[in-house]
Every structure is written in C-alpha cells, then in structure tokens.
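A.B. asks: Chains as they are written, first to last, in this note's numbering: chain Y, 540 to 931; chain R, 540 to 931; chain C, 540 to 931; chain S, 540 to 931.
It is possible that part of the hints are untrue.
For chains that are exact copies, the list does not tell them apart, and a pair is met inside one copy or across any two.
Cross-link-like lysine to any residue pairs, in silico, SDA-like; alpha carbons within 25 angstroms at most [to be verified]:
| no. | residue 1 | residue 2 |
| --- | --- | --- |
| 1 | Lys911 | Glu720 |
| 2 | Lys634 | Pro805 |
| 3 | Lys925 | Ile796 |
| 4 | Lys598 | Pro916 |
| 5 | Lys610 | Asn688 |
| 6 | Lys634 | Met800 |
| 7 | Lys731 | Thr872 |
| 8 | Lys686 | Gly768 |
| 9 | Lys911 | Gln687 |
| 10 | Lys925 | Glu568 |
| 11 | Lys731 | Ala870 |
| 12 | Lys587 | Ala685 |
| 13 | Lys686 | Pro567 |
| 14 | Lys804 | Ser866 |
| 15 | Lys921 | Leu799 |
| 16 | Lys598 | Lys686 |
| 17 | Lys598 | Ile871 |
| 18 | Lys634 | Met924 |
| 19 | Lys634 | Pro689 |
| 20 | Lys686 | Pro613 |
| 21 | Lys911 | Pro689 |
| 22 | Lys921 | Asp908 |
| 23 | Lys731 | Leu799 |
| 24 | Lys911 | Gly614 |
| 25 | Lys925 | Leu799 |
| 26 | Lys634 | Thr868 |
| 27 | Lys719 | Pro613 |
Simulated from the structure, these hints should not be mistaken for laboratory data.
All figures in this text were calculated on a predicted structure; none of them were measured in a lab.
4 protein chains.
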Amino acid sequence: MSSRLTSLLALLVLVAATPATAHEAPQPEGRARLRDLGITVGVLPTGKWNAITDVPGVKVGHVTLVSGHGKLVPGQGPVRTGVTAIIPRDDVWHKKVFAGGVVLNGNGQMSALDWIREAGWLETPILLCDTLSVGRVTDAAISWHAKQNPAMGITDDVVLPCVAECDDSFLNDQRGRHVKEHHVFQALDGAKSGPVDEGAVGAGTGMVSYRFKGGIGTASRKLPAAAGGWTVGVLVNANLGWREHLRIDGIPVGEEIKDLMPERKPSEGSCIMIIATDAPLLPNQLERVARRATLGLARTGTIAAHSSGDFALAFSTAAEVPHDPESGTMAITALNNAAISPLFAATVEATEEAFGNALTMATTTVGRDGHKVYALPLDRLKAIMKARGGSK
Amino acid sequence: MSSRLTSLLALLVLVAATPATAHEAPQPEGRARLRDLGITVGVLPTGKWNAITDVPGVKVGHVTLVSGHGKLVPGQGPVRTGVTAIIPRDDVWHKKVFAGGVVLNGNGQMSALDWIREAGWLETPILLCDTLSVGRVTDAAISWHAKQNPAMGITDDVVLPCVAECDDSFLNDQRGRHVKEHHVFQALDGAKSGPVDEGAVGAGTGMVSYRFKGGIGTASRKLPAAAGGWTVGVLVNANLGWREHLRIDGIPVGEEIKDLMPERKPSEGSCIMIIATDAPLLPNQLERVARRATLGLARTGTIAAHSSGDFALAFSTAAEVPHDPESGTMAITALNNAAISPLFAATVEATEEAFGNALTMATTTVGRDGHKVYALPLDRLKAIMKARGGSK
Amino acid sequence: MSSRLTSLLALLVLVAATPATAHEAPQPEGRARLRDLGITVGVLPTGKWNAITDVPGVKVGHVTLVSGHGKLVPGQGPVRTGVTAIIPRDDVWHKKVFAGGVVLNGNGQMSALDWIREAGWLETPILLCDTLSVGRVTDAAISWHAKQNPAMGITDDVVLPCVAECDDSFLNDQRGRHVKEHHVFQALDGAKSGPVDEGAVGAGTGMVSYRFKGGIGTASRKLPAAAGGWTVGVLVNANLGWREHLRIDGIPVGEEIKDLMPERKPSEGSCIMIIATDAPLLPNQLERVARRATLGLARTGTIAAHSSGDFALAFSTAAEVPHDPESGTMAITALNNAAISPLFAATVEATEEAFGNALTMATTTVGRDGHKVYALPLDRLKAIMKARGGSK
Amino acid sequence: MSSRLTSLLALLVLVAATPATAHEAPQPEGRARLRDLGITVGVLPTGKWNAITDVPGVKVGHVTLVSGHGKLVPGQGPVRTGVTAIIPRDDVWHKKVFAGGVVLNGNGQMSALDWIREAGWLETPILLCDTLSVGRVTDAAISWHAKQNPAMGITDDVVLPCVAECDDSFLNDQRGRHVKEHHVFQALDGAKSGPVDEGAVGAGTGMVSYRFKGGIGTASRKLPAAAGGWTVGVLVNANLGWREHLRIDGIPVGEEIKDLMPERKPSEGSCIMIIATDAPLLPNQLERVARRATLGLARTGTIAAHSSGDFALAFSTAAEVPHDPESGTMAITALNNAAISPLFAATVEATEEAFGNALTMATTTVGRDGHKVYALPLDRLKAIMKARGGSK
C-alpha cells in the first residue's frame with residue numbers, strides 16, 4: 540500500500556492514549572480494570588465504556604449461577620457457571636450483520652461458525668456457556684428464537700444458534716448442566732448497552748486463565764476521525780494459559796508470580812473472542828479482523844495449547860442485511876483495504892486489554908471439591924509493573 | 540505421480556463391477572436399491588452389504604418417529620423425523636479414529652467439525668437429526684457419553700459430540716423437537732453392523748431430495764487386492780436439490796420426470812455425507828477423501844444452493860489413537876499418496892450410489908399440513924434408464 | 540431461504556435453453572462446439588459468444604507454440620505449448636475486481652491465490668501456462684506490469700502476478716521452457732473480447748484430458764432478467780481425468796470409447812477454472828461461486844486424482860476497487876445471498892459445458908517422442924449421445 | 540487432555556533456560572544475538588547453535604548482493620538484496636518431509652503452499668528472495684532441480700518450487716531483479732549445517748522491520764528428554780511492523796526508541812517463518828505448529844498490517860516419504876497430540892527469539908536513493924531492558 544490513506548496511519552502514533560473516564564459497571568470489591576491500575580495497553584484511545592458495548596446497538600447480558608460448596612455431587616453442585624449473551628443488534632434475525640470468524644485452536648465449539656463463514660453474516664445473538672451445556676443452551680436459544688418468530692420452521696427458515704463454550708469443570712459441577720432455558724432467556728432478554736460486568740460473571744463464572752481466576756473481559760478502541768472514527772469493541776471469555784507464559788502489557792508477570800497456584804492443575808481451557816465494530820467491513824475483512832484478535836491473545840503469552848478451544852468471531856453493525864430482501868441487490872458502504880490496518884491495531888490492542896481486564900476483575904473462587912483459583916493479586920501486579928516500567 | 544503404483548490404478552479399469560449379492564435389509568414395499576434395478580454406478584465392486592457397515596467395526600442405528608396426520612400443531616405433530624447414529628467403532632472415545640472433513644456449503648451444522656479438523660481425529664459417534672433438534676440431540680449425546688465415562692468432566696475431558704442436521708420442516712413438526720434423549724440412546728445402543736435400512740428412516744424420515752422423497756442412503760466399494768484391498772463405505776442423508784438437476788448415473792432423470800412435485804416447494808435442504816474406510820489414511824488424507832464425496836454428490840446434479848448445508852466427514856478405522864497415551868509417540872501405518880487415487884474413485888462412486896439408493900428406497904410420505912412428497916417412481920426410472928442406455 | 544426471491548428461481552426452470560447463435564471463432568477443421576453437435580448442457584441460456592468474454596470487459600489472448608517433431612531433445616523440442624491471458628478488465632491494477640478462489644486438489648499452482656483470498660480482489664491479468672514455465676511467465680508478467688506502471692517497486696506497490704499452470708510434458712518439451720517474455724507480452728497485449736479460440740491453443744496446446752486431447756474451453760450463461768440478468772462466463776484449461784470416468788452431459792462416453800488411447804499413459808494432469816461475472820458479488824460470494832465450478836467439473840466425471848492441480852478463481856467486474864483510494868470507504872452494490880443460487884447454477888452449467896467444448900474443439904496432436912493424443916471423435920460422440928438420448 | 544503426558548508439561552517450567560554456548564557464525568561488528576545481550580526469551584533451552592540447523596540435516600545457504608550507491612537507476616542499482624536457501628534434508632525430492640503451513644496475512648507469496656497443504660509434504664528446498672525476483676528464482680530452482688533429476692518432466696514428475704518473498708524496494712533496486720540463476724544455485728549448493736548468518740544477509744539484505752533494519756534471524760529450542768527431547772528450529776525473514784508496536788521479550792522497546800526512523804516510510808513488509816523439527820509430526824500437526832509461529836510473531840508486536848505477507852511453513856524430518864514408493868503403505872511414528880503442546884511452546888519461543896536476533900544482528904544499511912535504515916541500537920536496547928527488568 541502506498542496510498543494516500545497511509546498517512547492516516549501515521550496519525551495513530553500521535554494519538555495520546557487516554558484512560559477511560561466513563562462511569563463503569565460496579566467493580567467487585569478490591570478489583571479494578573487495567574486502566575484503573577495505571578496500565579495502558581497500546582496507543583489508541585478507548586470508547587466511552589471501554590467495552591464491546593461502545594459499538595452502538597451492541598448489548599451484553601449475563602446470568603451468573605453460584606451455589607453450593609464442598610464435594611462434587613454431579614447434578615447437584617457446587618455450581619460455578621453461567622451464561623453470557625452478546626446481541627449484535629436488536630432483531631438481528633431480520634437485520635443481519637456481516638461477520639467472519641477464525642479458529643486458532645479447534646478444541647472447542649462455536650456452533651454456527653460454518654454458516655457464518657458461508658453466508659458472511661451473523662443472524663443470531665452469541666451465547667457463551669460451559670462445554671457440557673452447549674446442547675441445552677442451543678435448545679434454549681432455539682426456543683427463544685421460536686418465540687420471537689412464530690413462522691420459524693413453518694413458513695420461515697430454521698435457526699442455527701451461535702453458542703460458544705469453554706470448560707469450567709475444575710470449579711463447576713459441569714456434568715450437572717445447570718444452565719437452564721430460563722437462564723438463557725434471562726441473559727438474552729436482560730442484555731443491555733453501557734458498562735459490562737467482568738470477571739467471574741456469566742459464562743466467566745467458572746473460568747481459569749493462566750492458573751489465575753479468569754472469565755469475562757472487555758475493552759474497546761475508537762479510531763481518530765481522520766482514520767474513520769470507527770469503534771472496535773472486544774469481549775473475551777478467558778479460560779486458557781500456563782502461568783509462566785502470562786504477560787500483561789508485555790511484562791512477564793507470570794514468571795514473577797509463581798505461587799497462588801491451584802492445588803490441582805485445571806485442564807487447559809479455551810478462549811472465546813467476540814469483536815464488534817461499526818466500521819463498514821465486508822465478510823472477508825471481518826475474518827481478517829477476527830484473525831487479529833488471535834494476535835492480541837498471543838500478546839498475553841498463550842501458546843494455544845492442544846486442549847484449548849480458541850475461536851474469534853467479528854461482526855460489523857454497519858450494513859443491515861435483510862432476511863427476506865425485496866430485491867436481488869442492496870447498496871452498501873465498504874471499507875477500502877487501504878484503511879483497514881488501524882482497525883487491526885484497534886483489535887489487537889482491545890483484545891489484549893480485554894484479557895487483562897478479565898484477570899484483574901475476576902475474584903478468587905472456590906468451587907467443587909474445594910478447588911480454589913486465586914485472583915491475580917493487584918498489589919503485586921502493580922508492584923511488578925512499576926518495577927518493570929510497565930505503566931506508562 | 541509417475542510411480543510404480545500407478546500401475547495399480549490401471550487395474551481398476553479392468554475390474555468388472557458386480558452387483559451386490561449379500562442379503563440386505565428388508566426393502567420397503569415396492570422399493571429397491573439401484574443395483575437391484577440394474578443400475579450400476581461406476582466400475583468398482585461393492586463390499587458385502589454395499590453399505591458403510593462393510594468397513595469392519597462400523598455400526599448404524601436408526602430411530603424413526605412417525606405419528607399424527609393433518610394440520611400442523613407445533614409441539615404435537617404430525618411427526619416425521621428421527622435420529623441416526625453412526626458408530627465408527629466401539630469405545631471410539633478411548634480408541635479414536637483419524638478423521639477429516641470439509642464443508643461444501645455451510646448453511647447447516649456438523650458440530651465438532653472444528654475439533655475434528657484440529658485434532659485430526661473423531662472420538663464420538665456421529666448423530667444425524669433435524670435442524671431444531673440439534674440442541675437436544677447434543678445434550679442427549681452428552682448424557683450418553685457421561686454414562687459411558689463416569690470420569691467425564693470430573694477427572695477426564697469433556698466431550699464435544701458430533702451432531703449433523705438437515706431441515707425436515709416441510710414434512711415434520713420440527714418446532715416440536717420430537718427427538719428425545721431416549722431416542723438418541725436407542726439409536727446409539729441399537730446400532731449394528733450388517734445391512735442398513737435406507738430411505739425414510741431415522742434422520743432421513745422427513746427428508747426431501749430433488750423434490751422427491753429423500754433420506755438415508757448407503758453404498759460401498761472394495762478395492763482390488765492389488766490396489767490395497769481397502770473398503771470405502773458412504774452413508775448420506777439426502778435432503779437437497781432441484782428436480783431439473785437430478786441425474787442418476789449421469790442420466791438427467793430430473794428433466795424427464797417433471798410431475799410428482801410437492802404442491803408447495805420445500806426450502807432447499809442439505810446433505811450430510813459420512814465416509815468410512817479401513818485404509819490407513821492420515822487426517823489430511825481423510826480431508827481429501829471427504830472432499831471427493833462432494834464430487835460424488837455433484838454427479839447427482841446439485842448446485843449446492845445457498846440454503847443447503849452440505850458437509851462431508853471421513854474417518855479411518857486403521858489406527859487406534861489412544862485417549863490417554865502411555866508414551867508420546869505411536870507406531871502407525873500410513874498410506875502413500877501415490878496409492879490414494881483409487882480411494883478417491885471409490886468415494887466418488889459410493890457417494891453417488893448412496894444418493895441414488897436414498898431416492899430409490901424412500902417411500903412417498905405425507906407429512907404436516909398434508910404436505911406430500913412422492914417417491915421417485917421406479918418403473919419410470921427403469922424405463923428412462925433403459926431408453927437412455929443408463930443400465931449397463 | 541423462504542424469500543420472495545425464491546420465486547425467481549422457479550423462473551429458471553421455465554427458460555428454454557437455446558443454442559448460441561453468434562458468429563464464433565473459426566473452428567479447427569472437423570471440430571465443433573458441444574451446442575453445434577446438438578448437445579445442450581443444462582437449462583440456462585448462453586451469452587452471445589457462449590464464452591467468458593460475454594462478461595463485458597473480459598478479454599482473452601492466446602499464444603500457441605508448435606514446432607518440431609520426433610524425439611525429445613530437451614531445450615530444442617518438439618514444442619507443444621503456449622500461454623493464455625485472461626484480462627478481467629483494462630487497467631485492473633487501478634480498478635481491481637473483487638475475487639475469490641478455491642483449491643479442489645492442490646497438486647499445482649495458482650500464484651497470488653493467497654493474496655486474492657486475503658484482499659478479496661484480483662489486480663492483475665490471469666496467465667495460464669505449463670508447469671515448468673511458471674517462473675518465466677511470472678517474470679515476464681512482472682516486466683509487463685513494470686512497463687505499464689513506471690512507479691512499481693519505486694513509489695508504488697510491487698506486483699504478485701496470477702499464474703496458473705498445468706503439466707504438458709507428455710506432448711511438450713516442457714524442460715525447454717519455450718514460453719518467452721515476448722510470448723507473454725503478446726498474449727496480454729493481443730487479448731480481445733468476442734469469440735475465444737478453444738482446444739489445442741494457448742496454454743491448452745499440450746493438454747490431455749480424459750486421455751483425449753484437451754485444452755482450452757469456454758462457455759457462458761445469462762440469467763433471465765427476473766433473476767438479475769447477470770452473465771457468468773467460464774474458461775477452463777482441461778488437463779485431467781481417466782478415460783473411463785468421462786461423462787458428457789451425464790452420458791458415460793468414456794465407458795463407450797475405450798480405444799484411441801495414448802500409447803503411454805500421460806501423468807494425471809490438472810484443471811484451471813476461471814469464472815467471470817458482472818453480478819455484484821462480494822469476495823466471500825465469489826469464493827462460493829468458485830467452489831461451484833468444482834461441481835461442474837465433477838459432472839464431467841473426474842475424481843480429482845492425487846496428481847491433479849485443480850484450482851478455481853472467480854471474479855466480478857461489478858465493483859471497481861481503487862488502487863489508491865481517496866477516501867476510506869466506497870459505495871458498492873452487493874448481491875443478496877437470497878439471489879445467488881441462480882449464479883451457482885449458471886457456474887455449474889457453464890463449467891461443465893466449457894469442459895465439453897475443450898474436448899470437442901481440440902485436435903489430435905502428436906508431440907514429443909511421437910506421443911499421440913487423439914481428439915474425441917465427434918461422430919462417435921454424436922452416435923453415443925443419440926443412442927443414449929443425450930441430445931435434447 | 541487429562542493425560543499422563545500432562546505431567547511432562549510440568550517439567551518444562553522447571554527447566555532453567557540457558558544461553559547458547561556453541562561457537563556461532565561470525566557476528567557483524569558491533570552486533571550480537573539476543574542471548575549475548577543477556578536477553579533470554581522464554582523458558583526452554585536452545586539447541587547447540589540456537590538455529591534452525593540444530594535440527595539434524597537442515598542446511599541454510601545465503602547469497603548476499605550489495606553493490607552501488609546513490610540514486611536508483613532501475614536495472615543497475617543500488618543493489619541490496621539476496622537469496623536464502625533452506626534445505627530440509629539432502630535429496631528431499633526422493634525423501635520428502637511431512638509439512639504444513641498457514642497464512643497469517645496473504646499479501647505475499649509462498650509458492651507451492653497449496654501443494655504442500657494438499658500432499659502434506661515438502662519435496663524441495665525453500666528459497667527466500669525479494670518480491671519481484673519470484674519469477675527468476677522459481678525458474679532458477681526449476682533449473683536446479685532439472686540438473687539433479689534428469690528424468691524430471693520426461694519420465695518423472697515436474698517440480699513446484701517453494702519460493703517465498705518479501706518486498707525490499709525501500710533499499711534495493713528491486714525492479715532490476717538482481718538475483719540471477721547462478722546466485723540461486725550458489726545458495727542451494729553452498730547451504731550448510733552449523734551456525735547461520737543473520738541480519739542483513741541473503742534474502743534479508745534489504746529487509747526493514749519495525750522501521751529498523753531487519754532480515755534473517757534464527758533460534759531453536761530443545762525439549763527435555765522427558766518431553767521427547769525433540770528440537771524445534773525457526774528461521775525468519777523479518778520485514779514487517781510499525782515502530783511503536785515493537786516488543787522485545789515483551790518490553791515495548793518501540794515505544795521508547797522513537798528516533799532513528801527512516802526518512803521516508805517504507806511500505807509495510809512481510810514476514811516469512813520456517814519451522815523445522817525432528818519431532819514425528821503428521822501434516823495436520825505441522826500445520827498446527829506453523830500456526831504457533833504466528834503467535835511468536837505476535838509477541839514482537841505486529842498487527843499483521845494489510846500490506847504484510849506473513850506465511851509460516853513447518854516441516855518434520857522424522858519420516859522419509861518416498862517419491863516413488865514400492866508399496867502402498869509405509870510404517871511411521873506419529874506424535875500423540877497429548878504430547879504436542881511443548882512443541883507449540885518451543886515454536887512460539889523460538890519464533891519470538893528469531894525475530895529479536897534478526898533485529899539485533901542486522902546492521903545499518905543505506906540503500907537506493909540514499910534511503911537509510913538504522914540498526915536497532917544495542918546499547919539503548921540493553922539500557923531499556925535493564926531499566927525495564929527485561930533481562931532475566
């Protein structure tokens with residue numbers, strides 16, 4: 540590219556990254572987001588909430604299920620799980636969003652991904668849950684869609700819900716499959732814009748990441764007007780990684796905190812990455828953006844181990860693709876590839892930061908059989924970052 | 540390839556294709572398989588049953604659900620659906636099979652496909668069902684695996700079942716999701732080797748193909764000893780195609796039978812293709828074989844329309860991949876690529892024939908709201924093939 | 540899809556397919572195109588020339604190199620090769636076309652395919668040649684682009700030419716690499732719209748297909764106005780297939796003509812398929828179209844043997860993607876997926892017919908070491924089609 | 540994975556990473572490798588040379604072309620380019636290596652990649668060069684193979700060389716295409732095991748990475764015996780990245796060295812990553828390993844910008860796949876997936892370190908039109924790493 544647009548890219552390095560200032564979701568006691576700890580990933584400014592919901596129309600809903608203590612009794616508990624819904628926009632069935640996705644390591648499932656890749660669009664909310672609940676959450680999503688659309692499977696199409704899982708069996712009675720249909724409805728119907736709860740909430744309730752407590756994290760970036768002014772928001776469910784690999788903003792934090800390990804090693808988990816943008820990207824460009832989320836993930840240190848199910852899905856709210864078009868064509872706006880690299884940068888940065896937020900917002904959790912997973916200790920993190928110059 | 544092995548390929552053209560002679564599954568009244576009609580696809584000989592079960596260890600189980608007549612009352616019926624289980628071998632969880640798959644058109648779902656592509660293996664039975672039952676069948680499969688493996692999700696891995704769907708909403712009360720957990724158990728536990736029921740059975744009960752009644756079909760090929768002696772078996776669930784495109788053994792049968800059309804046009808369906816072999820293929824080679832099934836499908840005339848969910852999955856029973864290996868490596872046998880083309884030929888032929896069998900074995904079906912889908916009329920088929928020289 | 544647009548599809552079956560009537564390229568003596576033989580593939584009407592050039596702006600140029608007889612002397616001859624250029628539109632570097640491609644079997648090369656898949660566009664002509672000439676043809680293409688664009692590699696981008704090869708070593712002194720820079724320039728500069736020479740011309744000069752003489756073939760389809768009125772044109776370089784697999788319009792012609800075989804069996808070849816359209820398809824949709832060309836190819840009977848390099852590349856002339864855009868976005872028209880299936884049908888039909896044309900237009904060729912490859916005998920073809928009812 | 544083998548993984552964290560001690564290639568004056576600067580990436584020990592050549596049988600050859608100064612005169616110079624050959628093993632045509640590759644961003648070319656992905660093997664050396672030399676280097680490689688194999692294209696197969704390019708037009712008269720056939724022969728015939736020259740050598744001569752001088756870098760890892768004892772070696776040609784993104788061992792070095800920028804911004808480049816191992820990996824597993832190289836790359840900070848051509852290719856020297864097998868099958872050893880994660884870790888670490896070596900070994904270069912690209916200043920790097928605690 541030797542385009543006039545390359546000059547836009549130069550602008551990006553001039554941008555002073557600024558901490559988010561908006562009111563945020565209530566923080567778990569003693570926890571904070573990366574930026575509140577003085578840790579600023581990358582150079583681009585965030586959106587208002589520094590969350591996937593900074594992309595207009597995107598909503599997130601969590602249902603968190605915590606009950607019971609002590610010895611695992613399959614079917615009874617203890618329960619440390621939940622479900623998270625990401626709604627690309629209201630009535631996405633009739634106003635589909637362009638979308639694209641990639642698999643970094645396929646030891647997991649993001650159902651509907653083949654359909655998304657084929658059609659180039661996403662037509663349902665995205666649901667995150669634990670591995671063994673995939674069947675029930677899928678079935679609940681079908682019920683929810685059937686409620687919305689009485690013609691479904693009668694005179695209209697049938698739906699293929701998008702459900703992505705991570706394994707929370709170290710903390711949760713996963714065999715009990717405690718996410719029920721009404722939980723899924725509640726996550727979908729209660730989804731909202733604005734601040735997003737992070738850490739051990741929703742599908743993140745039972746997650747373990749870098750042997751610390753993981754879960755839901757989110758972050759966003761807003762490009763300068765000269766680079767299009769587009770917003771990129773990322774939400775992750777962080778459930779992967781070996782301790783010694785953990786890096787926060789590049790600093791090898793995992794090498795410095797070798798204690799606070801779970802007594803028994805949880806199996807390698809997974810990571811789901813959802814990227815939303817209002818930039819007018821075509822399906823193939825969204826696949827490119829999704830691939831960049833894996834670069835942001837890599838910065839946190841993971842090797843994408845064999846047992847990890849690492850999926851990234853990106854969608855754009857710019858075009859409204861009709862479910863039942865009145866004509867064969869539609870007029871749309873498309874981003875020129877010459878202007879896409881800033882969106883790649885935004886995706887990498889926001890993904891890395893969302894991961895960090897998942898760790899710094901998650902709280903120490905004791906689950907089934909007394910399995911204990913520690914939260915990343917923020918005082919030690921701050922000390923390391925200070926000593927290592929990680930805070931800018 | 541200018542290999543010594545190419546001489547093996549030459550042998551294939553000398554082989555006289557012979558009709559299957561084994562006792563087969565009871566045929567629906569008035570229906571017959573292609574070979575019984577004198578129609579012989581390709582040049583390679585079949586296995587004993589001319590079925591996927593010709594690959595030793597492979598089992599198939601169907602549960603067929605038919606009840607009610609007349610007007611659709613969602614949740615009550617009429618019911619024209621079912622579930623089909625293909626078991627690669629007993630205890631495939633602990634003795635995994637190498638596998639590979641491809642997506643021809645992704646308007647559908649074959650769950651676990653990303654995992655299969657990543658690991659190179661299949662570790663569960665394959666379940667076929669209708670689209671809206673995917674959630675329930677997945678959940679039932681999880682229950683079934685949990686029964687088999689009490690450690691699952693506790694001290695052992697969690698399972699990602701392989702469930703592949705087709706849309707049967709033209710005939711079936713699909714919203715009712717009538718496939719229940721015990722049906723899935725019954726299909727899995729009742730699966731057996733030997734002859735395989737075809738047509739409107741199991742997951743094929745509500746299928747429509749080329750506007751005729753479709754459903755389950757199977758066929759196999761056995762290579763001559765000089766080409767390795769390997770068996771390839773294919774099972775399809777045929778639910779796609781426009782009438783005018785239908786070709787049987789190349790003859791454009793669909794152009795000649797323009798009547799016997801459903802009153803209302805069913806939506807474009809899908810096609811699931813499962814390929815089994817005992818040839819010692821590596822995962823990447825199995826992906827190549829799976830892609831050849833799409834060539835066999837193409838011979839039947841389909842264009843893989845936008846709304847079609849066409850997936851192919853191939854597995855090999857040659858290697859036993861341990862679930863919990865005692866050492867880091869295993870000794871295996873691998874097929875040389877120089878010897879793979881005959882397996883491609885076998886796959887193309889068997890897939891084309893399996894499709895034909897699905898059509899010639901399926902029976903006229905009246906489903907919800909009186910929707911009627913005619914069976915391909917065998918007398919007319921025979922007449923066309925005779926006139927067009929299609930029978931060899 | 541239960542769209543209003545599905546009714547458009549119904550129109551397609553009502554269309555009476557009509558032979559092309561335009562004046563065509565001069566036919567090799569005694570050779571004819573499929574339609575001139577009364578063989579009509581599919582149901583859709585052709586464009587004016589029944590050629591890829593029916594898509595406005597597309598040009599084709601051939602340079603055919605034939606010299607010498609008898610024993611192969613590497614570097615001297617005999618020469619039976621050439622080069623073919625397909626120009627998507629004039630100055631495609633500055634006005635790129637959206638594009639997408641697939642690999643059916645990767646024993647070959649279509650250079651720039653990864654770049655095309657990444658960017659979603661094609662920015663150069665496509666060049667077809669023999670395998671060992673790929674380096675020289677690539678280098679010549681670079682020279683040609685450098686002539687067009689004095690800034691290339693200085694203040695502008697560097698070019699990645701798109702060169703696709705097939706192996707013609709059975710007939711040609713391929714080691715001699717007889718395609719020189721000026722031949723490539725000549726093919727590019729001499730490319731023109733209108734009728735396209737077929738058979739043993741250009742890159743098709745030394746091709747062998749189904750053990751008959753193969754080479755260049757082309758065909759097109761024009762959708763009815765109600766389905767968009769779009770044109771799809773296909774050009775193939777046919778160099779693959781076992782005799783016994785050959786089907787023409789479904790009829791197993793290869794099983795009936797077992798003589799006229801080359802004395803020594805040529806190695807399995809390859810097939811390059813180029814699909815042009817003026818339909819406003821997005822890159823991911825063009826990949827879907829390219830995949831349908833493999834279905835058209837499959838109808839001719841091939842199994843895509845191990846040694847075959849089968850690549851399909853589709854482009855759309857609808858959008859003009861600027862090389863050096865003045866703004867970050869562009870306004871484009873996009874086809875709704877609901878209207879794409881007729882384009883799939885057109886692609887499948889045109890690809891199958893282009894293959895047939897390659898065979899019926901190619902002439903018996905004697906090459907290096909006296910290797911003789913027979914043309915498909917048209918009288919026998921006509922007799923078989925008549926007996927088998929293949930002619931409609 | 541809850542395998543016995545997971546305990547092997549735990550061993551890895553106990554391993555004390557040790558600097559390489561072997562005699563190395565002569566270092567450019569004032570330059571040093573990362574480890575000689577006290578910077579140790581990751582936790583795994585290196586092989587003897589900390590180079591791709593630590594995998595037995597692997598050889599590397601460079602030809603470096605530097606001539607002329609001042610104003611660019613296309614065709615004359617200045618010349619700042621070269622060619623690098625990586626030989627997987629001697630006579631790899633007859634004793635192929637299993638291989639797999641991935642594309643991170645396809646704005647570039649790695650020819651033969653589709654063939655490698657199809658066959659699962661690599662059968663030629665790998666050649667690295669500048670973008671516009673791809674044609675000539677490919678042609679030279681064909682000549683070289685033809686010399687080795689007099690039957691090629693006559694009674695044996697034709698070759699598809701593997702040539703991967705990066706754009707060096709900021710420093711080099713790339714339009715002049717100065718890499719000639721004899722240079723390619725020299726790189727191939729002169730390739731050797733042992734220490735590998737790094738930085739501005741071979742194909743790395745004209746490379747720019749993170750706006751510093753880039754080029755060739757290499758590193759290796761050797762797993763402990765308990766984890767298999769396998770070696771992984773990586774060689775990169777580093778030509779990508781924005782300054783502000785550069786991280787060395789996690790430390791954001793690029794944010795701290797904002798000067799020493801080229802006067803004119805070079806276009807975004809590319810990165811080629813070659814991974815060798817003696818671990819007995821199957822083709823699909825090698826693709827997984829190649830994907831991990833992109834994670835190592837990501838750790839250096841890149842976003843894989845639109846204009847970057849980022850390709851990774853992995854091969855294993857464990858199996859010898861015969862060119863012309865005497866039987867249809869071969870006995871091989873395969874790694875269990877349960878043991879693969881340590882190889883992923885080794886790949887990520889070695890790729891990250893190879894990148895660092897490319898930067899710390901490259902020397903300030905003035906090229907065409909006086910374009911000057913500075914070497915990463917080692918004193919400042921050391922100071923930053925010391926201040927930031929980057930050195931362990």
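A.B. asks: Are the hints correct? Go through all of them and say.
C.D. replies: Outcome of the hint check:
{"no.": "1", "hint": "Lys911 with Glu720", "in the structure": "neither (29 angstroms within a copy, 34 angstroms between copies)"}
{"no.": "2", "hint": "Lys634 with Pro805", "in the structure": "between (41 angstroms within a copy, 24 angstroms between copies)"}
{"no.": "3", "hint": "Lys925 with Ile796", "in the structure": "both (15 angstroms within a copy, 20 angstroms between copies)"}
{"no.": "4", "hint": "Lys598 with Pro916", "in the structure": "neither (30 angstroms within a copy, 47 angstroms between copies)"}
{"no.": "5", "hint": "Lys610 with Asn688", "in the structure": "between (43 angstroms within a copy, 19 angstroms between copies)"}
{"no.": "6", "hint": "Lys634 with Met800", "in the structure": "neither (46 angstroms within a copy, 33 angstroms between copies)"}
{"no.": "7", "hint": "Lys731 with Thr872", "in the structure": "neither (27 angstroms within a copy, 33 angstroms between copies)"}
{"no.": "8", "hint": "Lys686 with Gly768", "in the structure": "neither (37 angstroms within a copy, 39 angstroms between copies)"}
{"no.": "9", "hint": "Lys911 with Gln687", "in the structure": "neither (41 angstroms within a copy, 29 angstroms between copies)"}
{"no.": "10", "hint": "Lys925 with Glu568", "in the structure": "within (23 angstroms within a copy, 35 angstroms between copies)"}
{"no.": "11", "hint": "Lys731 with Ala870", "in the structure": "neither (30 angstroms within a copy, 32 angstroms between copies)"}
{"no.": "12", "hint": "Lys587 with Ala685", "in the structure": "neither (35 angstroms within a copy, 45 angstroms between copies)"}
{"no.": "13", "hint": "Lys686 with Pro567", "in the structure": "neither (35 angstroms within a copy, 39 angstroms between copies)"}
{"no.": "14", "hint": "Lys804 with Ser866", "in the structure": "between (56 angstroms within a copy, 20 angstroms between copies)"}
{"no.": "15", "hint": "Lys921 with Leu799", "in the structure": "within (16 angstroms within a copy, 32 angstroms between copies)"}
{"no.": "16", "hint": "Lys598 with Lys686", "in the structure": "within (19 angstroms within a copy, 38 angstroms between copies)"}
{"no.": "17", "hint": "Lys598 with Ile871", "in the structure": "within (24 angstroms within a copy, 29 angstroms between copies)"}
{"no.": "18", "hint": "Lys634 with Met924", "in the structure": "neither (45 angstroms within a copy, 48 angstroms between copies)"}
{"no.": "19", "hint": "Lys634 with Pro689", "in the structure": "within (17 angstroms within a copy, 44 angstroms between copies)"}
{"no.": "20", "hint": "Lys686 with Pro613", "in the structure": "between (32 angstroms within a copy, 12 angstroms between copies)"}
{"no.": "21", "hint": "Lys911 with Pro689", "in the structure": "between (46 angstroms within a copy, 23 angstroms between copies)"}
{"no.": "22", "hint": "Lys921 with Asp908", "in the structure": "neither (32 angstroms within a copy, 48 angstroms between copies)"}
{"no.": "23", "hint": "Lys731 with Leu799", "in the structure": "neither (35 angstroms within a copy, 48 angstroms between copies)"}
{"no.": "24", "hint": "Lys911 with Gly614", "in the structure": "within (20 angstroms within a copy, 44 angstroms between copies)"}
{"no.": "25", "hint": "Lys925 with Leu799", "in the structure": "within (21 angstroms within a copy, 27 angstroms between copies)"}
{"no.": "26", "hint": "Lys634 with Thr868", "in the structure": "both (15 angstroms within a copy, 21 angstroms between copies)"}
{"no.": "27", "hint": "Lys719 with Pro613", "in the structure": "both (16 angstroms within a copy, 22 angstroms between copies)"}
Violated hints, in rising order: 1, 4, 6, 7, 8, 9, 11, 12, 13, 18, 22, 23; the structure is consistent with all others.
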